[in-house]
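Novice: Below, each chain spelled out in residue letters.
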Amino acid sequence: MLITVNDKAKEVAEGLSLKQLMEDLSVDENGLALAVNQRVINRTLWHQYVLHADDQVTLFTVVAGG
Amino acid sequence: MHVLSRDDYVRYSRQLLVTEMDEVKQQALSHAEVVIVGLGGLGCAVAPYLAGAGVGRLRLVDGDEVALSNLPRQPLYAEQDIGETKARVACLRLRDINRTLSVQCYATRLVESNAESLLNGASVVLDCTDNMASRQLINQVCYQLGVPLISGAASGTKGQLLMLHPHRAHGCYRCLYEPEQSEPNTCLAQGILGPVVGIVGMMQALHTLLFITSIAPLNWGELRLFDGFSGQWQALKLPPLEGCPVCGEHNANYS
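Chain order of the listed sequences is Z and F. The first sequence begins at 1 in the UniProt record's numbering and counts up one residue at a time. The second sequence begins at 1 in the UniProt record's numbering and counts up one residue at a time.
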């Protein structure tokens, strides 16, 4: 199925969880947060959150400077 | 009802000319008390605009001293201020802008032992700090006190703005980030372009004025991401995390 990650189309397996997506993307998870369809999903829920076709995933980094 | 002085009419004439503004709302600004925690790039953007707009009481909190490397993005300070405490210098500059205000400065770092007394009684708290620990602490104490919090953050070419109201149903800073999460984007690690942090600070100032005057509703519980390359903002909803140690009780009935 097709989803988007930061506005770029990506083909992923049916039933993929957010946790698996993050592992697929090989990103440093510690400094990251994400939203699906403009709704922030807390990192403790990534393993149980199953993606659906056309979901829009937004990855963003922790920003704490000022 | 107390009316504005002749000088106030002149001073605030341009913002009073904004269709939605009036004398009562100007008075709401003069009766408000805003706490600004952190007087770096964010605080330097926020503070002079709030002082200029006539926010009656400002509490400034920062334990740092002015350094040469601050000057590109912290325009409240000048070369002769290097080595002086930021809170004291900022206080003097703000009084130069508007002597009708009460500006209190606290040249101390906000920590657990002083956080409640520094934030208590505020109309709104502005998180302008530069580290995860302070941000988590401010979020926690604002929820304890029931004080609205407008949090800004910036590093590199990215900015984030988060508006939190403890009495509204949405997530809090702890629902967004865990205290253990690392900060790959601190100024020390990644640097910062001055205007990026200035833009986020300006948004904090604007939303503070909108909130105090009630001239426009705020989107509480919204996280906004700013990209300095494209100039685009993106808005995300922040739902509460079930069982959140900070806002869990406030959001027990969230659906």
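Just so you know, these hints were derived from the structure itself, not from any lab. For every residue, glycine included, the Cβ atom is placed at its ideal position computed from N, Cα and C. Treat the hints loosely; a few may be bogus.
Stated by the list, open to error - Between beta-carbon pairs, the in silico distance windows are: (1) F/97 <-> Z/8: 43 to 51 Å; (2) F/214 <-> Z/15: 43 to 51 Å; (3) F/167 <-> Z/13: 36 to 44 Å; (4) Z/39 <-> F/133: 46 to 54 Å; (5) F/104 <-> Z/37: 24 to 32 Å; (6) F/52 <-> Z/10: 19 to 27 Å; (7) F/133 <-> Z/37: 19 to 27 Å; (8) Z/54 <-> F/52: 54 to 62 Å; (9) Z/4 <-> F/214: 46 to 54 Å.
Novice: Hint by hint, note whether the structure agrees.
Specialist: The hints, checked one at a time:
For residue 97 of chain F and residue 8 of chain Z, the Cβ-Cβ distance of about 46 Å falls inside the hinted range of 43 to 51 Å, so the restraint holds. Against the hinted window of 43 to 51 Å, the Cβ-Cβ separation of residue 214 of chain F and residue 15 of chain Z comes to about 47 Å, which satisfies the hint. Between residue 167 of chain F and residue 13 of chain Z, the C-beta spacing of about 43 Å keeps the proposed range 36 to 44 Å intact. Remark: the range hint 46 to 54 Å for residue 39 of chain Z to residue 133 of chain F is contradicted by a beta-carbon distance near 27 Å.
For residue 104 of chain F paired with residue 37 of chain Z, a C-beta distance near 44 Å fails the hint of 24 to 32 Å. In this structure the supplied range 19 to 27 Å is violated for residue 52 of chain F paired with residue 10 of chain Z, their Cβ-Cβ distance being about 47 Å. The beta-carbon spacing between residue 133 of chain F and residue 37 of chain Z, approximately 31 Å, falls outside the hinted interval of 19 to 27 Å. Checking the proposed 54 to 62 Å range against residue 54 of chain Z and residue 52 of chain F shows it is violated: the Cβ atoms sit about 47 Å from each other.
Range check, residue 4 of chain Z to residue 214 of chain F: about 38 Å between beta-carbon atoms, so the 46 to 54 Å window is missed.
Comparing the model with each numbered hint stated earlier shows that hints 4, 5, 6, 7, 8, 9 do not hold.
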